[in-house]
Amino acid sequence: MIIDHPLLGPRDSSEFTYLGDASLIDRPDPAGEDASSDFYDYAYLRDNPAGWHKELWFHEAGDRSWLVVTRNTVTHEISKVELASDVARAQGRSK
Amino acid sequence: MRYSGFRVIKEALTGHKGWKPVWRDPEPASHYDIVIVGGGGHGLATAHYLAKEFGQARVAVIEKGWIGGGNVGRNTTIIRSNYLLDGNEPFYEFSLKLWEGLEQDLNYNAMVSQRGILNLIHSDGQRDAFIRRGNAMILNGADADLMTTEAIKKKYPFLNTSDARFPIQGGLAQHRGGTVRHDAVAWGYARSADSHGVDIIQNCEVTGFRIENGVCKGVETSRGFIGAGKVGCAVAGSSGRLLSLANMRLPIESHVLQAFVTEGLKPVLPGVITFGAGHFYCSQSDKGGLVFGGNLDGYNSYAQRGNLPVVEDVCEGAMAILPMLGRARILRMWGGVMDMSMDGSPIIDRTHIDGLYFNGGWCYGGFKATPASGFAFAHLLARDTLHPTATAYRLDRFRKGYLIDEKGVGNQPNLH
Ligand SMILES: Cc1cc2nc3c(=O)[nH]c(=O)nc-3n(C[C@H](O)[C@H](O)[C@H](O)COP(=O)(O)OP(=O)(O)OC[C@H]3O[C@@H](n4cnc5c(N)ncnc54)[C@H](O)[C@@H]3O)c2cc1C
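So the protein sequences, as listed, match chains A and B. Note that the working numbering gives residue 36 to position 36 of the first sequence, counting from 1, and the numbers run on in steps of one. Here the working numbering runs 95 ahead of the position in the second sequence, where the first position is 1.
It is worth saying that the hints were derived from the structure and are not from the lab. Positions of the beta carbon are idealized from the N, C-alpha and C atoms, including for glycine.
Residues of chain A placed beyond 10 Å of chain B at every Cβ, according to the derived structure:
hint : residue
1    : H5
2    : D26
3    : G62
4    : T70
5    : S85
6    : V87
7    : R89
8    : G92
In silico contact screen, one side only, chain A against chain B (beta carbon under 7 Å); selected entries:
hint : residue
9    : M1
10   : Y40
11   : L45
12   : R46
13   : N48
14   : H53
15   : T73
16   : V74
17   : H76
Can you make the complete structure from the sequences, with help from the hints?
Pasting the structure below:
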């Protein structure tokens, strides 16, 4: 697979390590009322879709940026690659 | 029809005209006591034990394609019981014991071959860890043997023991481990289940569950509704997809694992060998091909094929310890979809929906578990209590903190 890095252009996927579902960006509020159940959901449960999947890849052997890659888990086709920091900010996070 | 040496001779003398289809091809009935979704090794084994050990006759196995087309026909056929943790080892040892009597139980030649498995050691730390594992195995009634480099050299003279970076410093062997003809496991269980009255319904995809007031009443399928007292799901890599039809999210990610086989060679490799410094393992099939594999590709996938970086990584592992493999040509490579759980251990449990039961999270190691998984799942479905060797495989263990993490890598499925 080739990941089209937003800053560096097309890079081989072997330069990256994979973390998992991009929902891992949305860490629950540890002070929230349902924190223990929210963290269980966050840490262990996954949608695991067959089809389009937003996921976190780390450019370990490159510029060490975190990316959100939109990839089809049935065909391995990649439709979109964004910097995770941009995605997080667009969701209202400070960084 | 019972199989025997006498039968083979008789058929040989009469032009092989007496062989019959091995299982029926029935139309689905409108209702069963128990419906198993998934005609892989685990689903078929469950049906066999339900009928034979637990006296359940009104059972159906529903398979979307043909039986044996999933991981049971795609794996590298290794069986072993060399686990460390209490939640796992008694279960896998129970499974190995069932393998030892399987062919008599099924009256079917599954080519169970206890040729032994050897896990190589490459550092002092690894030796300590493997000694601990070997002791845990022995405490649970399994066999384990710490082999010296000299003994290994004698038995496997072709291994590169003096690799500059990862010299072989010994190994942990389980001589009762080995390989089994994987397709024959699916066929043998199917034949036996069928002969005990189980309906095996192929080309029938489950497309939904009928759930009324929190009770599962049956399954919607591509061939209509099939009612059931209880529904047991055993669909391995498709677990997330199937259970999402019951609005459940699972502690599972689906990942692709690749395997490779070379051209047929004369017997060169007497057992199963695993590299301890990278991830590579190899055995020789009875047809002569060297069957080998390594790590997961490492990203969520439902494609039954992987990518090239893993091919390179596996072949590097091969060249580090088994350089003779470099002289053989690879004939085929393929991938299967693994139900990777969040702690690397399986789940055999009820769900929060009455009448709906789940068996999954087998990761890349569910072939060896087939007999015990079928037995324990049948036990749960028939008696509504957990089998004594499978009490740790609860679905809620992640919520409660009772993880069974053999590798100690946490909730990251691609590292297990
Ligand atoms: C390359 C590779 C190597 C492996 N090597 C080993 C090994 O050496 N040792 C070991 O112990 N394990 C190994 N494994 C793991 C092992 O193969 C699996 O854990 C095990 O086979 C899974 O259980 P199963 O046989 O029931 O799965 P499967 O055979 O995959 O059965 C699941 C069935 O469910 C069906 N299904 C799915 N969705 C539906 C639906 N909606 N309706 C009806 N049917 C459905 C599928 O078609 C499939 O036939 C390996 C796996 C792979 C891919």
